[in-house]
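Trainee: Sequences listed follow chains A and B, in order. Residues 24 to 314, numbered by our numbering, are exactly what the first sequence covers, in order. Residues 1008 to 1451, numbered by our numbering, are exactly what the second sequence covers, in order.
One thing to keep in mind: the hints can contain errors.
Said to hold, decoys possible - Just some of the chain B residues that point at chain A, by a computed CB distance under 8 Å: (1) Glu1088; (2) Gly1094; (3) Asn1096; (4) Ala1105; (5) Ala1137; (6) Gln1140; (7) Pro1144; (8) Pro1153; (9) Gly1205; (10) Asp1295; (11) Val1303; (12) Ala1305.
What the hints assert, rightly or not - Pairs of lysine-lysine, DSS-like flavour, derived with a Cα cap of 30 Å: (13) B:Lys1260 / B:Lys1436; (14) B:Lys1422 / B:Lys1270; (15) B:Lys1306 / B:Lys1282; (16) B:Lys1282 / B:Lys1270; (17) B:Lys1260 / B:Lys1270; (18) B:Lys1270 / B:Lys1255; (19) B:Lys1270 / B:Lys1435; (20) B:Lys1218 / A:Lys267; (21) B:Lys1422 / B:Lys1435; (22) A:Lys267 / B:Lys1270; (23) B:Lys1294 / A:Lys267; (24) B:Lys1331 / B:Lys1133; (25) B:Lys1358 / A:Lys267; (26) A:Lys267 / B:Lys1282; (27) A:Lys267 / B:Lys1422; (28) B:Lys1282 / B:Lys1255; (29) B:Lys1270 / B:Lys1218; (30) B:Lys1270 / B:Lys1297.
It should be emphasised that the hints constitute simulated quantities derived from the structure, not laboratory data. Beta carbons: idealized from backbone N, C-alpha and C, even for Gly.
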Amino acid sequence: MSAPSPPGGREPRRSRPGRGRRWTGLAGRYAALLLMLVVMLGPIVWQFLTSIRGRTENVYDGMLPSQPTLDNYVRVAESFPLLQYAGNTLVVAALAVSSNTLFAAMGGYALSRAAWKGRKVVFTLLVATLMFPFESVMISMFLTVREMGLVDTLIGVWLPGAVSVLNVMIMRSAFLAVPREVEEAAVLDGANEWTRFARVFLPSAKGALAVVCLTSFMGAWDDFLWPLLVLTDSDNYTLQLGLKTLAGATTVNDQRLIAAGAMAALIPMVLLFLALQRFFFKGVGEGAVKT
Amino acid sequence: MTRSNLTRTAVATLVAGTLLSTSACGLSGGAAEVEEAERTGKVSGGITFRTLQLKPAFTSYVQGVIDAFEEEHPDVEVRWEDVPGDGYNEKLVADAQAGALPDVVNLSTDSFQLLGDRGMLADVAKLDGALAQDYVPGAWEQFRLPGKGDGVYAYPWYVTPEILTYNRELFEKSGLDPAEPPTSVEQFFDHAERIAAGSGGRYAAFMADPKGRLPGDWQKMGVPILNEKRDRFTFDTGKAVEWVERMKDLYAKGAMPRESLLKSDDINQLYGAGKLVFGPGSPGFVKDIKQNAPQVYAKTRVAGAVTGTLGHIGIYAQSLGIRKDTRHLDAAAAFARWVTNGPNQVEFSRKATIYPSNARGLADPLFSDRGDGKDAETVARAVGAEQLKSAALDANTPVQWTNQVGDAVVREMQKAIKGEQDPRSAVKKAQEEANRLLADAAAQ
Chain A
24 MSAPSPPGGR
34 EPRRSRPGRG
44 RRWTGLAGRY
54 AALLLMLVVM
64 LGPIVWQFLT
74 SIRGRTENVY
84 DGMLPSQPTL
94 DNYVRVAESF
104 PLLQYAGNTL
114 VVAALAVSSN
124 TLFAAMGGYA
134 LSRAAWKGRK
144 VVFTLLVATL
154 MFPFESVMIS
164 MFLTVREMGL
174 VDTLIGVWLP
184 GAVSVLNVMI
194 MRSAFLAVPR
204 EVEEAAVLDG
214 ANEWTRFARV
224 FLPSAKGALA
234 VVCLTSFMGA
244 WDDFLWPLLV
254 LTDSDNYTLQ
264 LGLKTLAGAT
274 TVNDQRLIAA
284 GAMAALIPMV
294 LLFLALQRFF
304 FKGVGEGAVK
314 T
Chain B
1008 MTRSNLTRTA
1018 VATLVAGTLL
1028 STSACGLSGG
1038 AAEVEEAERT
1048 GKVSGGITFR
1058 TLQLKPAFTS
1068 YVQGVIDAFE
1078 EEHPDVEVRW
1088 EDVPGDGYNE
1098 KLVADAQAGA
1108 LPDVVNLSTD
1118 SFQLLGDRGM
1128 LADVAKLDGA
1138 LAQDYVPGAW
1148 EQFRLPGKGD
1158 GVYAYPWYVT
1168 PEILTYNREL
1178 FEKSGLDPAE
1188 PPTSVEQFFD
1198 HAERIAAGSG
1208 GRYAAFMADP
1218 KGRLPGDWQK
1228 MGVPILNEKR
1238 DRFTFDTGKA
1248 VEWVERMKDL
1258 YAKGAMPRES
1268 LLKSDDINQL
1278 YGAGKLVFGP
1288 GSPGFVKDIK
1298 QNAPQVYAKT
1308 RVAGAVTGTL
1318 GHIGIYAQSL
1328 GIRKDTRHLD
1338 AAAAFARWVT
1348 NGPNQVEFSR
1358 KATIYPSNAR
1368 GLADPLFSDR
1378 GDGKDAETVA
1388 RAVGAEQLKS
1398 AALDANTPVQ
1408 WTNQVGDAVV
1418 REMQKAIKGE
1428 QDPRSAVKKA
1438 QEEANRLLAD
1448 AAAQ
């Protein structure tokens, strides 16, 4: 790693770092990056290797698969209604993505640009709700959804997450970063509020929208506990619930099968990320610095 | 009052209001005394039946049991729902709060406690008292609740006994005779010591985490866990201290994997990779190894669990509880009795690594067949069944040993095994802490 620079940079540099030192610095940096890669990717690679192991192979010994096969993927598709569950999840995820992008954008706009009485109160209240962990409101949320007659429906799974406060915050800060001059120029051009929202603000917050899109998709795709509470009929199960049925207390856990299921569940997420990554990397930093 | 002050007050009021209403919501749902259903003598009506993670592996079995029941009782309609094991208890609590519990519900030991303590379960001793004799010893009594007299609050269903599994090859490498597995805790430790001496660090004997070993090991060593009145812990004895000293010594000698002191989740993996001599003590595990590590399965041997001075194992059954305020009590009770009867339980154990809690079911020849004595899965079934016949409640983890008590004791033990605390004061501190927790629970 490079040597720490003196605070304030007032002290003159004693000597230029030698060539050798720079080289070790670089090597160190790469070693650290490599370590991160192993730590982050290791479990996924392990899962993947497990998912292609043959039936007579030892799953636990950590060797490379000696009889690689795709058979486990076929078996996973046969052993439970993978497509049906994936379809259910997709319904929830699609609802979540559309409602989150739409309402987070509108909410974010209202909280950043539109001037109205009580904006601060609403904002503070919204932030306050972030402080409740899901588990503490889980029961009351369940009772509400039950009262609405939405138990055992995909709508019931989607509704509490229809718009997340965090996404509203993301959109709000993205809109705050749009220079006031741009908005004023649009006003002079005769654009009304809706036009400004749709034509000026939304296009300049594409990155943030991509983030909202991806996080809401991930949230819907990965969620386990809430769908479990709401759904009872296994025909309505989402993919994560379905996958859990592969690993049972009384069932024999075939690790190859579980791994294959987990890998299959990962694919849509990777695809979505690849599709959005152009916007995504722009979006994370957006709104942080005004330019 | 300035404007910002006003805002602040408004926010505070609203937040407080939200807090109050959510907590009120949490309380009102289930705390009220649940009304008890009455028998009508008519087996009819629609009932819901919830199982714990049996789909999709046992879909056809369970559906078959339901169909046969509906055929016999055409007025009853059973709606079956299966729920994954993770989050099972959370879902039960949510349903209990909403008054939406199923009529017949599959309960594990902890979910039984959860619903039993809240007074959500019907007393099946009152419904079907004569049934007690049908079950293996201890199975029926296991579903009493402390402080609730002679009531029994669930029908015993399937059982999974404790057995001993070990790697024959590693036994031989350590100079141990695979035909003579340990039968007492002390012998088990002696074996571990021999294994550590010869392993050269390539494999270990067992997992160090005290959580899985307590209070079982102490009971098997003859340590009294509770006093006569069962209202105080009394395990602070010379024997318990001996146990800690032995664990500490073995840990230092490398008989257990270093990192296994705090967590033993990867036990299947270690055993399956040939890095551990003693596997987990359940028949289901034998099947797991057969599936995931066939090479190690071939070397796996099975014996009766270490039982020490007790001479028998405890009994932990899955059960079927009846919702106390069910609308169709007769149908629910008849169905639960049907699912847990001998033939249906035997049929189930042919398909899964489980055992009937039903005595007549356990007498089925399936459970005495050892095959050629070489196949670990077959032997495991016979060994487990043999042990169940003499199983008794005194080897169970007492209900007073709650999760909190267990965690508190384990924390002290871990410190002692690592050498951060001397064994004598660790046991003493553990007992003090356990008694404090017990007193707290009693005061509530």
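Trainee: Next step is simple, just say for each hint if it's right about the structure.
Mentor: Evaluated hints:
1. Glu1088: holds (5 Å)
2. Gly1094: For Gly1094 (chain B), the interface hint holds, since the closest Cβ of chain A sits about 5 Å away, which is under 8 Å.
3. Asn1096: violated (11 Å)
4. Ala1105: Because about 5 Å separates Ala1105 (chain B) from the closest Cβ in chain A, which is inside the 8 Å limit, the hint holds.
5. Ala1137: violated (29 Å)
6. Gln1140: Violated. Min distance 26 Å.
7. Pro1144: With Cβ-Cβ at 23 Å, over 8 Å, it is violated.
8. Pro1153: With a minimum Cβ separation of about 25 Å from chain A (threshold 8 Å), the hint on Pro1153 (chain B) is violated.
9. Gly1205: violated (21 Å)
10. Asp1295: holds (6 Å)
11. Val1303: For Val1303 (chain B), the interface hint holds, since the closest Cβ of chain A sits about 7 Å away, which is under 8 Å.
12. Ala1305: Not OK, violated: Ala1305 (chain B) not within 8 Å of chain A, min 11 Å.
13. B:Lys1260 / B:Lys1436: The hint holds at about 25 Å.
14. B:Lys1422 / B:Lys1270: Holds, at about 14 Å.
15. B:Lys1306 / B:Lys1282: holds (13 Å)
16. B:Lys1282 / B:Lys1270: It holds: about 16 Å lies between the C-alpha atoms, which stays within 30 Å.
17. B:Lys1260 / B:Lys1270: Distance ~19 Å between Lys1260 (chain B) and Lys1270 (chain B) Cα, so the pair holds.
18. B:Lys1270 / B:Lys1255: holds (16 Å)
19. B:Lys1270 / B:Lys1435: holds (23 Å)
20. B:Lys1218 / A:Lys267: holds (25 Å)
21. B:Lys1422 / B:Lys1435: holds (13 Å)
22. A:Lys267 / B:Lys1270: Measuring from Cα to Cα gives roughly 22 Å; hence the hint holds.
23. B:Lys1294 / A:Lys267: holds (19 Å)
24. B:Lys1331 / B:Lys1133: holds (12 Å)
25. B:Lys1358 / A:Lys267: Within the cut-off at roughly 20 Å; holds.
26. A:Lys267 / B:Lys1282: holds (28 Å)
27. A:Lys267 / B:Lys1422: Distance ~35 Å between Lys267 (chain A) and Lys1422 (chain B) Cα, so the pair is violated.
28. B:Lys1282 / B:Lys1255: Distance of about 20 Å is within 30 Å: holds.
29. B:Lys1270 / B:Lys1218: Since the Cα atoms of Lys1270 (chain B) and Lys1218 (chain B) sit roughly 9 Å apart, the hinted pair holds (cutoff 30 Å).
30. B:Lys1270 / B:Lys1297: Holds, at about 24 Å.
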